[in-house]
Every structure is written in structure tokens, then in C-alpha cells.
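Undergrad: What follows is each chain in one-letter form.
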Amino acid sequence: MTTSNFTLIRNAFGQLVFTGTDGEAHEGVVPVRAFAITAPDEGLALVNSHGKELLWIERLTDLAEGPRELIREELASREFMPVISRIRHVSSFATPSTWDVETDRGNARLVLKGEDDIRRLAQNALLIADSHGVQYMIRDRRALDKASRKFLERFL
Amino acid sequence: MPEPGNLRGSVNAWEENAFITSFRVFPIQLPRGRTALLFRGTLLCKVKSTRNFYFGSPAGAKIISQNSDPLREISRRCPQSASLTTALQGLPEDWPAELDALLAADETILAHLELDLDKALRFARGLILVTNRQLLARSGEEAAWQAFPYRNGLHLQRRDHAGVASLELLDTTGQLARWRHTLGRDTNARQVLDHFEQQRDAALTGQPVEAPPASICARCGAPLVPGQDDCPSCAKELYTPPSTWTLFRLWRFARPYRGQLLAGFILTLISTAATLVAPYMTMPLMDEVLIPYQNGQPLDTGKVYFYLGGLLGSALLAWGLGWAKTYILALVSERLGADLRSQTYEHLLKLSLEYFGGKRTGDLMARIGSESDRICVFLSLYLLDFATDVLMITMTAVILVSINPWLAAVTLIPLPFIVWLIHVVRDKLRHGFEQIDRVWSGVTSVLADTIPGIRVVKAFAQEKRETNRFKEANQRNLEANDRVNRLWSLFSPTITLLTEVGLLIVWALGIWLVTKSQVTVGTLAAFLAYIGRFYTRLDSMSRIVSHTQKAASGAKRIFDILDHVSSVPDPVKPQHLTQVEGGITVERVGFRYGNRTVLRGVDLKINPGEMIGLVGHSGSGKSTLVNLICRFYDVGEGAICIDGVDVRNIPVSEYRKHIGLVLQEPFLFFGTIAENIAYGKPDASREEIVAAARAAHAHEFILRLPHGYDSLVGERGQALSGGERQRISIARALLIDPKILILDEATSAVDTETELEIQGALDNLIKGRTTIAIAHRLSTLRKADRLVVMDRGVVVEEGQHDELIAKEGAYYRLYTAQTKQLDEQLARPESEE
Ligand SMILES: Nc1ncnc2c1ncn2[C@@H]1O[C@H](COP(=O)(O)OP(=O)(O)OP(=O)(O)O)[C@@H](O)[C@H]1O
Ligand SMILES: [Mg+2]
Chain A
1 MTTSNFTLIR NAFGQLVFTG TDGEAHEGVV PVRAFAITAP DEGLALVNSH
51 GKELLWIERL TDLAEGPREL IREELASREF MPVISRIRHV SSFATPSTWD
101 VETDRGNARL VLKGEDDIRR LAQNALLIAD SHGVQYMIRD RRALDKASRK
151 FLERFL
Chain B
1 MPEPGNLRGS VNAWEENAFI TSFRVFPIQL PRGRTALLFR GTLLCKVKST
51 RNFYFGSPAG AKIISQNSDP LREISRRCPQ SASLTTALQG LPEDWPAELD
101 ALLAADETIL AHLELDLDKA LRFARGLILV TNRQLLARSG EEAAWQAFPY
151 RNGLHLQRRD HAGVASLELL DTTGQLARWR HTLGRDTNAR QVLDHFEQQR
201 DAALTGQPVE APPASICARC GAPLVPGQDD CPSCAKELYT PPSTWTLFRL
251 WRFARPYRGQ LLAGFILTLI STAATLVAPY MTMPLMDEVL IPYQNGQPLD
301 TGKVYFYLGG LLGSALLAWG LGWAKTYILA LVSERLGADL RSQTYEHLLK
351 LSLEYFGGKR TGDLMARIGS ESDRICVFLS LYLLDFATDV LMITMTAVIL
401 VSINPWLAAV TLIPLPFIVW LIHVVRDKLR HGFEQIDRVW SGVTSVLADT
451 IPGIRVVKAF AQEKRETNRF KEANQRNLEA NDRVNRLWSL FSPTITLLTE
501 VGLLIVWALG IWLVTKSQVT VGTLAAFLAY IGRFYTRLDS MSRIVSHTQK
551 AASGAKRIFD ILDHVSSVPD PVKPQHLTQV EGGITVERVG FRYGNRTVLR
601 GVDLKINPGE MIGLVGHSGS GKSTLVNLIC RFYDVGEGAI CIDGVDVRNI
651 PVSEYRKHIG LVLQEPFLFF GTIAENIAYG KPDASREEIV AAARAAHAHE
701 FILRLPHGYD SLVGERGQAL SGGERQRISI ARALLIDPKI LILDEATSAV
751 DTETELEIQG ALDNLIKGRT TIAIAHRLST LRKADRLVVM DRGVVVEEGQ
801 HDELIAKEGA YYRLYTAQTK QLDEQLARPE SEE
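Chains as they are written, first to last, in the numbering used here: chain A, 1 to 156; chain B, 1 to 833.
Hint data in this document are derived by calculation from the structure and do not stem from the laboratory.
Misleading hints may appear alongside valid ones.
[As the list claims (entries may be wrong)] Simulated crosslink set (BS3-like; lysine-lysine; CA at most 30 Å straight-line):
| # | chain 1 | residue 1 | chain 2 | residue 2 |
| --- | --- | --- | --- | --- |
| 1 | B | K428 | A | K146 |
| 2 | A | K113 | B | K820 |
| 3 | B | K428 | A | K113 |
| 4 | B | K573 | A | K113 |
| 5 | B | K119 | A | K113 |
| 6 | B | K350 | A | K113 |
| 7 | B | K428 | A | K52 |
| 8 | A | K150 | B | K359 |
| 9 | A | K150 | B | K428 |
| 10 | B | K807 | A | K52 |
| 11 | B | K820 | A | K52 |
I would like the entire structure built from these sequences, with the hints used as guidance.
TA: Laid out in C-alpha cells, this is it:
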């Protein structure tokens, strides 16, 4: 599967339509990152609505301008991982605990069901899953302000 | 917006049930900051500050509910108004005023969804309303309202991915709008979807919407049992954090031993009091015997013997009492710990698979093992020590004051400093210990992870890496401990220093007082002896901080388990199955693991005694459906009924008695084969065990084992082959003679011949039982009455083998793929020749 020889357009239903070398058009293809956390910019796949891989993209920059923007757009509308910049308040240090946080996508309130929902990633980064499955990211917990760090410490 | 004054006309015509069929919500601003909601003809007034709700006209409002849920109150009074409560549940309090202009006077709001994300996936509040005429929406507080009157071809589509759901409005030509929300709003979104479809069809065809059945949960649409107002799946959405006064809650475990604890306490008290006698006797010994003798008077031997005897007696008494105390407390401590452990374990086993899915074995082991131990030691030893310390300190203080108030006052100087220090250090220690606990769980988790997987570790020669993983966990443990020790090592010498300084001051003041002849040398000596004790007590009391905080952090983690309510709770008002027929109905079932949707709108009806073959690609949700039928998890939406009774209304253990389950990964417990077969029915006779084993075609291989049925299977059954384990687990399921038999790939690991034999035996056994069999080898299912084909979480086809083949659909493809493979395999040797 090469990265040329295909067309990608968005139809009136807002779906991406992929046409490969065989000329078959696939509606509703979605871009998926292979390593969503460790290497988000490397290795993307275009997957059709049945979950079959249509195209493997080593790097987004390998693509022509048009499809690249379409994929960027689609990724932006699918990916939701607010990055926490400040923890304003936590309701209790015992779980379940409700946190009021500031994120890059606005202020939010999340319910942490248990300490196990905090996943440690490399380099002080944390991934916090709330009770409804939304993943919040903390890029570098050492870089948070003191109050937030203090709240966080109690759960680590 | 109508003025409150203008309401009167409509309110006069008020009838209690008038609003049920047609209502319209007006929020109105009442004087004194009240906000009210007005339904056509009926006022529901919410006083923001007190959460009282009024029902009636603004003039003569009656309180209908105080601090309770007004919507439930309404639905109780007017049973038909389920849709009203649904529509209003959680409707934003600050109702956008401009909406009134968009709604016609007789327009009814049927469902709403408060959006929490905008188009760019930022957190923002938006709203979608479904009325009987249109869909109204805006996707952020600043965005403009969009109105979509019902017309042909208009439809909504819902998807979710990674915790975000999207609702798309489409018509035949393209996408009209798209709204986003997090999964927390999913119940509302589903209602919006349902009502939208109903209302659109009603608006287009002119036929009124059928009223929903009365016994449906207003929030999630799950059927309710008559008389049970709490919907089981909604009830668990509440997130109340447990009380943080965990140490006090431990009293529950200490209560049964309060007698012994009291005895221990009294003994401690007396034995400590006995040790106080000694210094008191040194005072007269010095002043009446030694000092007069030094001044030339003869030695009063009688007095010497008396005081020495007294000293010996008090020492002996202290010894005896100390022995009794230690013994009693040690006994109590062990029993307390045992209770705590077994109660926690008992509770743990009742929790659902969902809980275990998110927990690490090592962590749970650490909690139940070592942390409970620490708590019981704390409760029975340190807590009493603390109590006696407090008492002794007061007693000594009294004695000190009675001897010399001035000296006594000086003695207390270090006390405020100590209290302050304890205060500072307490919270830090608590965090530290909590951290140590978690890190220690990490260490046990590594063990619990690696040891069962030792074959994989060895196969890939990764011993070194696993050692490193362990070392890393251990290193973290060291670091966490170091942090606490750094603090603690500073704390306790500081306390000692303070007491030493206190002693010094008393010496200095004492010497000064002796020179002024205000106290005798004997008094000073006794005083100093008491102070020694006083300060030791103070010292040990301050040291208890560490144990208290350790126990508090352990208690927090234990109560974490104990407070966890099973997500498959036993019903409040259980319905009992008197006679199980075995009919299973799966209605519109949806299910998610976390944020991953696995089943969507699964409908399935299985008649009593029918055998269903469940087929589909790997990962299509077959095992998940079985998990739901067994109630290992509760459905996210929809319902599963056995003989017409929702499984959530049947006590869990009673229900599972009727199910025989053979899992995809058979698990055997450490023990003999006979014990494993009889696992579901421990009192089974030997004949029954053998009969079950025969039926599962396990009998012969068991006889080949050195001790037959008494052979040990090894941990997790590792002394047996995969196929042997499967056959034992089939026997185990058959032995309990269940009405419902579920075979999840029950014969995937046995050879074809054995499989055929087991099949033959099963054919007899499935008679009269409802059977659900999952198999990848489709030939296994030839006896099934009906085949159900699943694909990516939905049922795509249903029917008999021949019908499905004729249909040339999903089953046909599965089948031909398999037979083709078989043909190829058969063909290959010929072509090679
Ligand atoms: N505990 C879990 N947590 C998260 N996802 C899960 C869990 N169990 C299963 N899944 C996912 O749910 C989907 C359905 O799994 P399920 O076990 O029901 O499949 P299946 O049809 O039984 O497949 P197979 O034929 O391979 O046994 C899979 O995509 C799987 O990854
Ligand atoms: Mg399975």
C-alpha cells in the first residue's frame, strides 16, 4: 500500500471517501493513529467502516496537501484528550472523587472512580480516565502549579 | 416570557392531570429570586435556595416535596407523566430566554440533551430539544439556535468514539448538523434519538405517538419492576465519596471485642499505675531514711524493709498485670485482624467483574494481607497505648502538681511545641504512608503478574527484564519509604531533644528551689523520676502519630473495597424464580467496556429448551453477550429477561444457580479433579461426579491419571492439557443440572474426534435445557435449533443453517470460508503427489 495513487474527498454527509488503485470507493473511512500516545505522528492507517485497513501512512507529511488536511481535520474532530493544565479542586482524597480541572479545551469536571484509572506514561506524563471513559492527559506533572501537584500527589 | 400575574387565567383552569398529554415549559422569574417552571396549566415552582418545590398556582402554592426529587413526585402523582419527567430531568436551570420565541404556544418539549462540548470539541454548554414539531439545537452558549422542523428523510445518527459521542442530523442529500457530547450524557442522547424518531413519524403521518409503557425508568428507559422506583442501572451513577474518618469507622470491627478491649485497657491502666508507686516510695525512703541516717541518726530498718517490700510488691504487681494485658490484647488483635480480612474478602468476592477488570491482583492481595494486619495491630495495641498514655500523663501531671505546682508548670513547657510538631507532621506522614501502600501494591503486582506467566517469561528469555521490573518497583518503594523516614527520623529525635531540654529546666529550677530550701532533696528526686516517666509517655504518645497515620492509610484502602457497591447489585425488592423454564429475552441491549461500545441494540428471543448457536467473527461480542446473560456485568441499555423477569430483579446467586457455564478459558482451582467437578455443588455424591465426567467424556482420561478422581490438578489446572481442562469444566457445568447451559467455545481445544464424542453426549444433555453454544467450528453447531450470527456487536442474521446458507449473507461467508479451507486442506495432499 503506497501513499500515492489514491483519492480522498469529503462528501456531503461529512464522510471521508477513499478511492484506491482498484477504483473502489469506500465511504466513511476513518484515520486511526497506530500509536496514539507514544508516537501520534508516526504510523496512521485509513480504515474503512468494517475496520479493514485501506492505506498505511508512515508520516502525515508524506501526503499531498489535500488529503493531509482532510485527515488532520478528521483527526481533530475525532480525538478528544483534554490536557489538564490545573486542578482547581478535588472533592475528596478517597475515590470516587470529583475533580474540577482546567484543560486546553475549557473547564471541566471529571469523576475519578479509582486510583487505578490514573495511568502512568513515560516522563511524568499521566493519563486519567474519568468515569465515562474520557481520557484526560497531564503532559508533565512536575510542570503543574503547586496546588495542583499537591492534589495529584494524593492519588499517585 | 409570561409575567407571573398573567398566569392566573391558565392556573384557574388547572386540573391535576391536565398537563400530562400536552405541556409546555416556561421558566419564569418570580419575586425574591425564585425561578419557576410552568407547565401548561400547572405551575411547578422551584425555590432555588431551599430546594423546595411547589405545585399549584403561584398564589396558593402547595409544597409537594421537600428536599426530594420533584420530578419523581410528579410522576408518582400522575403515573402517565413518565415522558414529562424524562423531558425535564436535568433541564438546565438557567433556561435560555430566547427559546420562548422559538417555541410555539402549544409546542411540547419531549426530550432534551444538554451538550457539554462544542463543534471544536471544547467544553461548552449547548442544548438540543425535541418537540412535537421540530428539533432545536445550539452547540455552545454563544452559537445561534438552529431549528429543524420535521420533514421527510430527516434522521439522526449517533456514534461514539473514545468517550465522545456525536449526533449527526442528516437528510437524503447530506449532513445538516453535528453535535458532540461526552458519554455522561448518553442516556439523554438516546432519549433524544428515540423521541425524535417518534415525533418525526407522528408529524409526518399524523398518527399520534404511542404512550410508552408505564413501568419504564424515566431516566434510562429500562423496565422497572412494579413497586420498585429505583432503577438499578441509574442508582449506581451516584458518586458519593466515602467518609474520610476511616479510623473511626473501624470501630465496627472492634465492637465485638469491646469487652476484652476494655479489660485490656483497665489492665494497662492498673499496671502502669503500679509502676508509679515505686517513685512515690523513693521520696520517703530518701527523706525519712537516707538523709536522717546521713545526718547521724540510726538507720530505721523497719522502714527500710517496708519501703523495699513495697517497691518489690509494686514491681511484681506491674509484671503480673502487664502479662495479662499483653496476652489479652494479642488474642484480640489476631481475631480482629482475621475478622477484618475475611469480611473484606467476602465483600470483595461479591463485587462484579467490572471491579476486578480495573484492579490488579497484587494490589488487592496487599490490601487484604498486610494492610489489614497493620490496622488490627493499631486497634488493639497502639490505640490502647495511646489511651493509657493520655491517662497516665494526666495522672502524673496531677501527682506532679500535688508535689510542687511550680516545678510542675515548668515541666509542661515543651508540651505546646510537641503538639505543634505532631500537627505539622501528621498530614505529611499520612500522604507518605498512602504512597508507600500504593507503591508496595505495585511490588506485589509485579509478582502476581509474573509468576503465573512464568512460562512466557522463560520462553522469551526475559528473566532479566522481569527482574529489572521488580527492581524498579522495589526502588520506588525505597524512595517512598525514604521520604517518610527522612521526616520521621527528624521528628522523633526532636521530641527527645525537647523533653531533654524540659528535664534540664526542671533540674535547674529544682536546684535553685533546694538552695532556697523550698523543696527537699527527696521531693526533687521523686519529681525527677516522675518527669522521666512523664516525658517517656509524651514521647511514646507522639510516636503513635506514625502508627495512626499508617493505620489510617491502610483503613482507607480497605474501606475502598468495603465501600464499593457491586455494579451488579442485588435487587432491593427481589423477585424469586420459583420454576425456571429457561426462556431468555434480550431486548435492545447495548453494552460498553469503559468507553468502548461492544454491543449495540441486540435483540434476541430464546425459547425454553431451545438450542441457539452463536457464531460470528472473533471479537464480535459473543462472549460479551454471554457475560451479560450470566449477569457478570449489567447491561448498559435495554434489558435481559429470564422467563419475563428482568435478571436485575433476581438475587444474583439464586439466578446463577440455574446457569451452567463453560468458559472459553477453563479455569480449575487447586485441588483434586473430583473437587473441581463438584465445584458448583459441593455435596454431590461420587456417582453424580462420575456421571457428569462420563457425559463430558472426561471419565476415561481421569481414570488414566495416577490417583483417578483424587489426582491433583495443579495450580490453575496446569497439570492437565487444555482439552482435559475443558472437559472437566464441561462436567462441572453439567453436574449442577442447570436449566440454562452456556458453552462458550467449550470444545475448541479438544481434537475433532473427542469433540464429536462430547457433542454426542451433549445432544442428550441439552434436551430440556436452554442452550447457548458459541463455536468457531460451525460443524459443532449442527444440532442447534437456530443460529444467530453476530458481527461487530449487532445480530446480523438469525435462522436455521439451510435458510442462512440460502440467504448468502454473513453466515454463508463464514461457512464457505471454513469449508473452502477444509477443501483446500483435503485437496493439498493430492496436488502434492
Ligand atoms: N474486559 C474487557 N474490557 C474491554 N474490552 C473488552 C473486554 N472484553 C472484551 N472486550 C472487547 O469486546 C469485544 C468483544 O469481545 P468478546 O469477548 O465478546 O468477543 P467474542 O465474540 O467472544 O470473540 P471470540 O470469538 O474471539 O471469543 C472485543 O473487541 C474485545 O476486545
Ligand atoms: Mg469469546
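Undergrad: If you check each hint against the structure, which ones fail?
TA: Violated hints (numbers, rising): 2, 7; every other hint is consistent with the structure.
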